[in-house]
Structure formats: structure tokens, C-alpha cells
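Asker: The residues making up each chain are set out below.
Number of protein chains: 2
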Amino acid sequence: MLMNAGPTNVSPRVMDAINQPLIHFMDPKFLEVLREISAGIRYVFQTRNQYSMALTGSGNCAMEAAICSLLETGHTFLVLVHGFWGERAALIGRKHGYNVVELRVQRPGHLFGFKRIDEAIKAHKPRLMYVCHGDSSVGTLQPLENLANVCHENGCLLLVDAVISLCCAPLNVDQLVIDAVFSGSQKALSVPPGVSFISLSPRAVERMKSRKTEIVSLYLDLILLAKAWCLDSDNHYKYNMYNYKYVYHYTPAVQLMYGLRESLAMVVEEGLQNVIERHQKCSLFVQKEITSLGLQFLVQKPEHRLSALLALWIPDHIDGQKVINDLCNSYGITISGGLGAISHQIWRLGFLGVNANPQNVNTLCKAFSEAINRQKNRE
Amino acid sequence: MLMNAGPTNVSPRVMDAINQPLIHFMDPKFLEVLREISAGIRYVFQTRNQYSMALTGSGNCAMEAAICSLLETGHTFLVLVHGFWGERAALIGRKHGYNVVELRVQRPGHLFGFKRIDEAIKAHKPRLMYVCHGDSSVGTLQPLENLANVCHENGCLLLVDAVISLCCAPLNVDQLVIDAVFSGSQKALSVPPGVSFISLSPRAVERMKSRKTEIVSLYLDLILLAKAWCLDSDNHYKYNMYNYKYVYHYTPAVQLMYGLRESLAMVVEEGLQNVIERHQKCSLFVQKEITSLGLQFLVQKPEHRLSALLALWIPDHIDGQKVINDLCNSYGITISGGLGAISHQIWRLGFLGVNANPQNVNTLCKAFSEAINRQKNRE
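First to last, the protein sequences are chains R and Z. Those letters in the first sequence? Residues 1 to 379, per the UniProt record's numbering, in order. Those letters in the second sequence? Residues 1 to 379, per the UniProt record's numbering, in order.
Pulled out of the complex, with its shape left as it was, chain R reads as follows:
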């Protein structure tokens, strides 16, 4: 049982979908699959963005595609760093030669107040601001309210990383006026890793199309991807097999796309709000159990905690790695250690997608409590 920060266990229905016979990616039937995925992405992000599409590549692929499709060499890129994923975005920015400005929280588990962000945008006038909604390395959930306004007033686009927060926390992309948002298959959607997806606002599309320089990648070029998905107004609905308007970009991961479509359909069936509440209820149950074990959360304020991923300080007298190994060997449960600077100091418990149910979180809590007690008694 993968009770970690992801990848999570795969839904059997998704696996059945993946088992469908392969068809050619230029077959009109596959375009229907893409259309349905696009509609599903719009639903889970709560947006009407035409440019809603999936990539063949992990969440990191979507992150870099968004950054390098929206920025040009020399542009200023403001990155809010409240965990590992902000560090990543900044690294991508530096590798691409943008002028990266990092805004950092004082301590892991802390978040940014509006005022600090507002001041940074006005001071640095970035072309793009990256913010991670839920950071899986620390279990924080950054509020996004009012950010778009100050971005747009200063010529900046707002890029939101929703890899782990999607379907676990409310995220209304159109209401928040987010310009670019992406997520991955292997978190709350319970699809195997390998595909990711993105949604771009008309403002972001306009920015891409009016670039002065080429996007410095073919694989990560979102203009080309949108053409291959027939999302462009000039080839929308005109597709047929071997239509000359079809733009070849690359061969997509057909089977994983079937899986993604199925998973998105399952969210539609259950209802997005219900999926979010299911994750939140599980989280409250686990938080209560953790508190009763006397353990401390990395994120002190409950309202700043990401519901589907809780980071806990490993107590001084306990060998965290031994607890992880015990859970794996005695119960077949995988939990996460830390990621980045505080990797030795924390445990991370996740309950994503199919694992966000009362039975699994109950099993996790019982096993975790037993493993900690065994470790205590040994020392």
C-alpha cells in the first residue's frame, strides 16, 4: 500500500482502461480520447480554458514545459519557495538562463503572506511567478487568493503547481484567474506515473503566441502540443485521419492516456467536491491519531496543512528509517521520508486517490503506531 507522497496505488478501473488495445495516435478515435481528457482537465481545474491538454512525461515535464513556453531568455522569473518544488522551479529557470528571483519562507512549514508577495512583484516586475499550491516535501498549502490581480497589474503571469493539491484541496482556476496550472497522473488521480497535464488561460496563450524568440525545446513546446491536440482555433474540429492540418509533435503514451481519461471520468462521477471532502476527512482522522501519538506536525497551523500529505517531525529518540523499513517489511506499507534539506528529520504520510478511504487510513494509523512503539521499546 503506497501511503506516501506519490506515486500512489493505481485504481483497478484505470488499469482496465490501460489494458485496452492500442490504437494509432492519429486515429480519429484517439482524438476523441484527447477531447474527453481535455474536458476532464477543464473540470478538475474548474476552468473553461481551451488549452487544456496532457503531456507524455512526469509532472516535472509539465513544470518545465510551462516555464520555458511562457518565458524568454533574460526575463525575470519570480519563484516562491516554500519547499522542494519551488527550489526545482528556480533550478529550471536558472538552467534556461532566466533572471531568477527567489522568495523564501523563514522555516520549513511556513507560508507566504500576501503582503510579501505583493511587494516582491512590484519590486522585481517579473514576467512569470511560480507558486506551488501544495508542496509535497513539507505538506504545506499556500493560499492563492488575490495573487492573480497583483500579478496581472504588473505584467506578470501566475503559474500554479497543483501536482499534489489537485482533487485534495479546493482549486478554482477561473475564479482565481490563474494563467497556467499543471498536475500529474500519479497523485490523487491514481493513474500510473508517466503523463501530466496543464491548462493555460487565454492570456497565457496570447503570451506564448507573441513570443519574440522560439521556445528553446521541441518536446516541451506547448504551442506545438496544442496543435497536435487540435486545440488551436484554426484547426479545431477540422481533424480527420491524415488530415493535412494535423501537426505531428510526438507519439503520446496512448495507454496511459486511456488511464487518465478513465480517472478523470471517475472524478466527474463522484463529483470534484466529494473527492476533495473524502481526502479532507481522511486527513482529519489521521491528524487526530497523530496528535494522540504525541507527534508534532511540520506545519503548525492546521489551515496551512495539505490534506493529503502530512509531514511529521521524527522524535529525537527514534530512528526514522527503521520505522519506514518496519512498515514496509511487516505491513507492506510504504511511507515517505523527507525530500531535500530536512530529509532525515521527517516522515511524510500520504493518502492519495484510491488510498483516501477510512479503511486504508485506519490501517496506516494502526501500523504506524505499532511500528513506532516497537522502535521505542528497542531503544
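The reader is advised that the hints may include incorrect statements.
In this list, chains with the same sequence are indistinguishable; a pair is considered to hold if it fits within one copy or across any two.
[Said to hold, decoys possible] Below are the DSS-like pairs computed for lysine-lysine, each with C-alpha atoms no more than 27 Å apart in a straight line:
1. K301 - K366
2. K322 - K29
3. K376 - K322
4. K301 - K227
5. K376 - K281
6. K122 - K29
7. K322 - K227
Hints in this document: simulated from the structure, not taken from any laboratory.
With the hints as your guide, set chain Z onto chain R.
Answerer: Only chain Z this time, still in chain R's reference frame:
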């Protein structure tokens, strides 16, 4: 039945492997999967290269990763263009800002003689030369003998695109002293699309490690990928779960990696030479049938033809698209039209991986002949 230029039908054994339960990509068991894939890649490429690894992304992803990991801004990149894939490599080079020099054949279906390549290398002194071994857009097979020598004498690395030729044509990477070679999952290996793989010679690794500038991508950075695969001498065999030496790059497509491992194991079982001969026998059968139908090959010289993919001129009096549609609707057989400039003028018949067997090619030839005759009678 996908009798086209790829993707091809998936082997049932591969699909069973993909159906295995998901494990965490940092689980030591998964590192064993990666080790076995690496060994399989070495076998199919006939190389001892330590840096043999798979990417989460299509063949285009591997192509761009190789190019941008081996070149730096301003470097000269010589591209041999005998079809669509050379065009692609040149486009990637231009998007990355390299000094791209294209060498083109006179007509589709032609290939490069050694003398022309030799002169171009000496004249332009490129840092990297791209050559597509088998070009699926035209069905050509470029001889690679003696190219490495002239490359290396002039400070140039040799990059070979073996996406469609792998397992269909002899390719001994170490004997040919190729520096970088890549292929994809969805051709002769009959794995669903979504992963690709690459092998780098020590000379190529040395070049990457002595770069003066950063690789302008995180996702496509092959130094980081090698670290995540524990292929670096400094972390080789030292891996364990949550080992601090583990370098996180991105979450790989775990299920497709299972599939790739299985497919590589199947090639080992059957024997690489036998797999190649199976493709070649099927090709000779189809070539004979095509000739008896009075159709013309795009590639005139039989020894220049890629065995697994035959390109044919559509006769003047026949509507090529109608034949394609008829094959699809009446027989459930998908063949390819053209790609690029001559896309309306050719058909492409493929028999890759599991489809390279006497029964399937016989079915293809019968159906193809019937579809053409029906079309003739109508006009």
C-alpha cells in the same frame, strides 16, 4: 492490426508485465528493474556502455535529450537529412540556438555516400553529427560504417537515431564506435508508447561532464538521469531506499518500465540476430508481393531499404487515402500515409515487433491487394 510506421501492436507478455502492481520508484526492487533494463539496452545495442538508460517520454524526448546534453550554445551541429527525422533533429538544433548545418539528399529515397559526409565533417568541424539509421518517413537505411572514425578525427561525436531500425537491421554500437544512440518503445519492441532509451559512450559521457555551460533543460538533462539510475561510478551499487546518494530527477513511468524490461527480456530469449532475421524475412515476402502488384518502391535499391518499413509510391490513378480507409474499415488494418513533404504521394507498410510474422504480413498483403483492386475498379 497496426501495420504502420508505429506504434505497433503490444505484445501480450508485455501487457501482463505492465499489469504488475505499482511500486515506489525509490524502492530497491525498482532499482533492480532499472538495472535489468540497462542490461537489456546494452544487449540490443550491442554495447558495453555504462550509461544505458530509459527516459519517460517518446523517442523525440530521447532525441532532444541527446542533442541538448551533448551540445552547447553556438556549437556546430551537422545533421544528415534523408527524411523527416533529420528535419526534426535540425529543428531541435535551431530551437536550441546551435549552428545547424544540414546535409540533404537529392531526392527522397536516396542516401549519403561516405565521401560527402567525410567532406562535410572536414569542412564544418561540427561538435556533433546526427544521422538517422532507418528513416521511417521514407523507408531508407543509411549505412553507418566508417563514420565514427572521421567524426572522432575531427573532434565530432556521432549520434545515431535507431528508433525504427533497432532489432530490424544489424546495429553493433561498439563495433561502429557510436557515441550516442537512442530508440523508442513502440517500434520493434512492441511496448506501448511513452518511454524511450539511450546509450552513451564513455567519450560522450566525458563530453557531457566537461561542459562549460549547464544543460538547458532539467527534464532532458542526461547527467541527472544517469544519477537517478545510479549509473555514475560514484554512486554505482551504493543505492538503497532513501540513500542520501540517490538523486531525484523525476518520477519515471513505472508500469511502462516493467513493459520495457519484459520486451528486452524477450529479445534476449529469442536472440537479437533471430529477431532481425524475422523482420528481414517478412520484408522480403512483402517486397515480393508488392512487386507482383506492379507497385514502385520509394527506395529503389533493395539494399538501402529499411526491412521493417516499406514506402511505396501511390499510382497516379488511385486515391491513396481511400485505400487506407478501406483497409481500416474492411479489415481493421492500419497502414501509414506519408509524413512531411511527400505525405500525399506514398503509402508506408510496417511490420514491427509482434506483427513481424508470416501470418500477419500475409494478411496485410492480401488485404492490401484487395483494397487496391477495389479502388481500381471504382475509378
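Asker: Checked against the structure, which of the hints given earlier come out wrong?
Answerer: 4, 5, 6
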